[in-house]
Amino acid sequence: MMGEQAGGRFGPNLWRRLRLALVALAVALALTACADEHPLDTLTEAGPDAQEINDLFFPVLGVAIIVFFLVQGAIIYLAVRYRARRRAAAAAVHSDDPDGDDLYGDDEYPEQVHGNLRLELAWTIIPTILLAVISVFTLISLVDLNEVSAAEDDLRVTVVGQQWWWEFQYHLDGDTSTPPDIVTANELVMPVRQQVPLGITSRDVIHSFWIPRLNGKKDAVPGRTHPWVIEADEPGRYMGQCTEFCGLSHAYMRMYAVVLEPAEWDEWVQGQLVDAAPLEPGEPGYEGQEVFLANCANCHVVNGVSDVNLDDLPDGMGDYAGANAITSALVSGAAPNLTHVASRTTFAGSIFDLYEDRAERIPYLEVAERGDLNRGDLEAWIRNAPGQKANDADGARGMTAFPGLTDGEIDALVEYLMTLR
Amino acid sequence: MTTTSEPPLQLTAGEQLVRPSTSLGVFSRPTGETGWKSWLFTVDHKRIGIMYGAAALLFLVIGGIEALLLRLQLAVPGGNVLSEDAYNQVFTMHGVTMVFLVIMPMAAAFANYLLPLQIGARDVAFPRLNAFSLWCFLAGGIFLNTSWFLGGAPDGGWFGYAPNSGLVYSPSHGMDFYALGLQIAGIASLVSAINLITTVLNMRAPGMSLFRMPVLSWMLLVVQFLLLFAIPVITVALFLLSFDRLFGANFFNVEAGADPLLWQHLFWIFGHPEVYILILPAFGIMSEVIPVFSRKPIFGYPFMVFSGIAIGFMGWGVWAHHMFTSGIGPVSVAVFSLSTMFIAVPTGVKILNWLATMWGGRLRFNTAMLYSVGAVAMFTIGGLSGVTHAISPADTQQTDTYYIVAHFHYVIFGGSLMGMLSGFYFWWPKAFGYKLNEKLGKIGFWILLIGFNLTFGPMHILGLQGMSRRIHSYAADSGFNLWNMVASIGAFVIAAGVLLFFWNIGVSRRRARGSPPVGPDPWDARGLEWMTASPVPTHNFDRDITVTRQDEFWHRKWRIGTDGKVTRIARAEDVAHDGSATGVHLPSPSYWPVVVALGLPLVAYGLIYNLWITGIGALVILGGLYGWVFEPPDDPEDHGHDDHHEADPSGEAGNGANGGGASGNGEGEPADGDGARQLAAAGTSGGPVAEAQP
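Protein chains in written order, with the working numbering: chain A, 26 to 446; chain B, 2 to 695.
Derived from the structure by calculation, the hints contain no laboratory data.
Yeah, the Cβ is synthetic: ideal placement off N, Cα and C, and Gly gets one too.
Don't take every hint at face value.
Which stretches of chain B does chain A cover? Using the computed rule of at least three CB atoms under 8 Å from a CB of chain A, they are [unchecked claim]:
{"no.": "1", "stretch": "78–87"}
{"no.": "2", "stretch": "275–288"}
{"no.": "3", "stretch": "362–372"}
{"no.": "4", "stretch": "377–384"}
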């Protein structure tokens with residue numbers, strides 16, 4: 026009863042506008058499509074989990090876009106089609122009315138339709154069915170995403186978030202009840218095409234672990250360990266970011282997943298399993314080691330050199346160290362383990378590059394040999410970390426400044442750190 | 002009908018009411034109808050509504066400046082407009098301000114001003130409590146904002162997740178201000194909810210059955226119920242947080258065995274109904290504006306009402322969709338994923354019913370209509386993106402990114418705020434007696450619409466490209482540069498649109514001086530609120546209105562013939578009351594609501610700084626309550642009213658429109674179809690309150 030006047034003279038015009046909008050949309054998408062320039066892009070998946078998510082998301086997005094065009098199209102159509110036409114005669118009479126409200130002729134009323142039960146039931150039931158279909162696929166992918174295919178004795182990694190960096194504790198035999206075999210920070214090195222089960226937790230506030238091109242995020246909640254998995258199809262370096270607001274430097278709590286071919290992965294593991302050897306007087310880096318032991322070893326562990334280890338924490342490694350413990354005194358192990366710091370490509374929550382060259386241009390295992398040290402940022406960081414990255418106001422969390430260190434001591438310290446490959 | 006001389010609030014057993022002596026002496030009630038005192042001590046729901054609106058607009062400016070600071074900071078990578086600390090404070094206060102101090106009080110403005118008018122009542126059920134709500138909200142809002150000058154604003158996000166909101170991680174007093182300030186503002190909402198629910202249930206005009214109420218009244222009623230049940234939940238959460246921070250309790254101390262997810266559950270059990278608290282009033286407004294400017298009744302009134310009720314119920318079963326990644330386990334995720342998806346159904350019904358209302362209409366695109374239709378269009382986008390993260394696997398990618406920021410701004414800015422701007426343009430002539438300028442209004446609308454889409458449209462892309470929320474800055478090589486710049490430019494376009502709105506108020510106000518009055522019904526509208534003079538006289542209606550159907554007022558102007566043709570039977574001016582009634586009994590102003598409200602921030606400051614101040618605050622509250630209780634129902638000095646207080650011992654409820662104790666103008670029965678009943682004439686005190694109840 027209402028539709029017979031549809032169509033009409035503005036039809037082609039409307040199509041032209043629609044086409045214009047589509048072209049604009051295509052341009053916008055083209056501008057944003059490159060994965061290289063968007064290291065956190067959720068839409069260019071690089072692992073089966075991210076793939077599963079996008080396989081669900083894109084069809085739903087498609088449906089949403091169709092509904093979007095239908096509704097917006099209907100609004101434009103109704104606005105044009107049923108717009109009250111000003112009456113020339115009325116306009117002449119009321120031309121002194123600045124707002125033009127009276128120009129329409131106020132005795133015109135269309136048919137007073139109060140509703141249409143059948144129509145309304147239709148647009149209650151049809152979306153319900155549509156959503157029911159979507160929900161089936163949602164449940165299927167939810168089950169898939171929660172499936173752990175890795176064997177019990179496969180690699181497992183405990184991910185520990187804290188203000189404002191990530192620690193990764195490797196359990197090569199999958200047994201998380203024993204101390205970890207490898208402890209590293211900010212760079213989650215993992216083998217390609219192998220599902221790595223994660224246990225995600227936190228030492229202080231809530232963080233969220235997210236490598237968007239590999240999988241969705243999972244919160245790191247103190248006192249809880251959340252299971253999650255991660256897997257990559259191709260070797261490479263995938264950026265991550267803490268996504269739960271966690272205080273001052275929330276923005277500066279990044280990370281990378283570094284995905285290696287199996288042979289390289291084995292090589293990396295073997296390298297990381299070796300403790301650092303204490304340097305003797307006269308060896309290059311010895312002075313730096315002394316500076317390190319005097320200043321840094323309160324918080325940082327170098328396996329084999331500064332013996333305080335995560336295991337010495339009151340409740341054992343990986344447990345929540347407790348808010349009070351952290352404020353009263355930073356305990357060793359609540360700062361990144363530096364045993365192989367020179368083998369990493371970034372530091373300070375992955376916000377600074379350790380080497381001048383973008384690390385992805387050098388094979389990951391060779392950065393320590395071939396990379397040019399980013400001395401400026403590293404020295405600035407050692408000298409005055411809170412100046413480089415916001416810390417807690419009273420210095421109780423995050424790295425403190427060392428104004429007392431001389432230039433010579435800092436040079437020595439850097440030299441020492443570079444021996445920790 | 003109005004023959005009994007019994008007081009309106011009878012004791013059930015028929016005992017004599019104890020009539021308070023007016024010679025208590027020490028207390029009197031304020032008088033005067035002009036000047037600042039008349040606003041400070043008013044209990045008139047219209048003045049309270051106007052003050053709610055003015056305060057909301059003021060806070061809109063503050064929250065808007067905060068938004069501009071955020072966008073300045075994020076316009077380019079590595080921005081240094083704000084420090085990390087300042088950024089965290091600004092985004093926290095932007096959220097808190099916009100949710101609790103802009104949208105909620107703006108909705109309260111419409112609720113206060115319009116609910117009694119739309120149901121044909123004289124005032125709300127508890128006028129002094131109503132004033133108390135206003136001052137309480139204002140006290141809470143000002144208290145919160147004083148934190149800027151007292152060592153730093155809240156910095157834990159509007160969501161205040163534990164344990165980051167705890168003393169260890171947020172050592173400044175900011176989060177104390179957050180916990181206590183929201184508590185005070187919460188009292189305002191809770192009291193107001195009880196007041197308005199009572200008003201709707203008890204004080205409707207004769208014949209105004211629930212299913213003859215306008216959709217706006219319905220939506221506001223649903224919102225009051227949501228508030229009634231949601232505010233206590235946040236109250237509990239805020240108490241726990243306050244005790245943790247102020248008295249060393251361990252509710253959120255993980256070391257002592259707490260689970261920080263407790264806060265998240267409490268916060269979102271409040272927080273998700275809160276979303277509907279923000280949007281349903283705008284839905285109601287749109288459901289009033291679109292029919293008027295489409296010149297058709299609302300399409301599918303029962304569906305509109307029941308979908309609103311359905312949203313009100315379902316809104317309680319979706320809170321954990323804010324927590325899909327927080328580790329609640331796959332079964333919970335599945336359940337909340339499904340419930341979230343299906344809440345889209347009643348919302349979708351509303352959108353399609355608005356479109357069907359426009360279908361076949363004679364659409365006039367006044368500014369009010371533009372904003373309403375714009376709100377439909379923008380809310381649709383927010384609703385659709387909502388479905389794309391109701392599917393929980395996708396939400397694990399989208400949550401806490403700018404995709405979510407885009408989503409809820411399309412809902413709350415595009416839906417709520419635009420809907421309420423529509424309401425401002427629509428009811429402005431009713432409240433102030435002049436229209437806002439249409440030309441400026443339309444220009445403002447398009448500027449706002451363009452700025453809005455420029456700001457929040459690109460955020461969808463940014464979020465899908467992986468830009469996290471609440472980050473102080475981003476690296477230049479993250480690929481976020483272009484759209485952040487666009488969004489920041491858009492934010493300033495929005496600011497221009499908002500400024501134009503304020504400019505429009507000034508211009509229209511100036512031009513209105515000396516112009517002919519706008520008349521009771523400038524839009525040829527449908528609700529009872531248009532059936533009285535503009536601006537609405539203090540006593541609302543000259544006579545009680547007997548309602549016989551939906552859109553009563555419109556049907557008194559127009560007749561639908563058997564052939565469906567609509568013909569005019571009366572002019573609005575002939576049907577509407579002219580507001581000339583005199584001697585109408587009204588609740589007297591009161592000193593005490595503002596006094597009691599003033600005590601609350603004192604208590605809160607004291608909890609933070611020195612418990613002696615708390616003691617003083619408590620004394621102020623106690624003193625205020627004492628004065629409140631022993632206040633005479635009327636001012637004995639006020640001879641304009643003094644012939645009624647005998648009939649009105651309650652001092653509160655009986656003063657409302659249908660309290661019956663009120664007096665009419667004493668003139669003869671008007672031939673306007675009110676027919677059976679008019680308010681009691683002056684001097685013949687009392688009509689049974691029960692008569693007003695359907």
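Comparing the hints with the structure gives:
no.	hint	result
1	78–87	holds (count 3)
2	275–288	violated (count 0)
3	362–372	holds (count 6)
4	377–384	holds (count 4)
Hint 2 from the list above is the single one not met by this structure.
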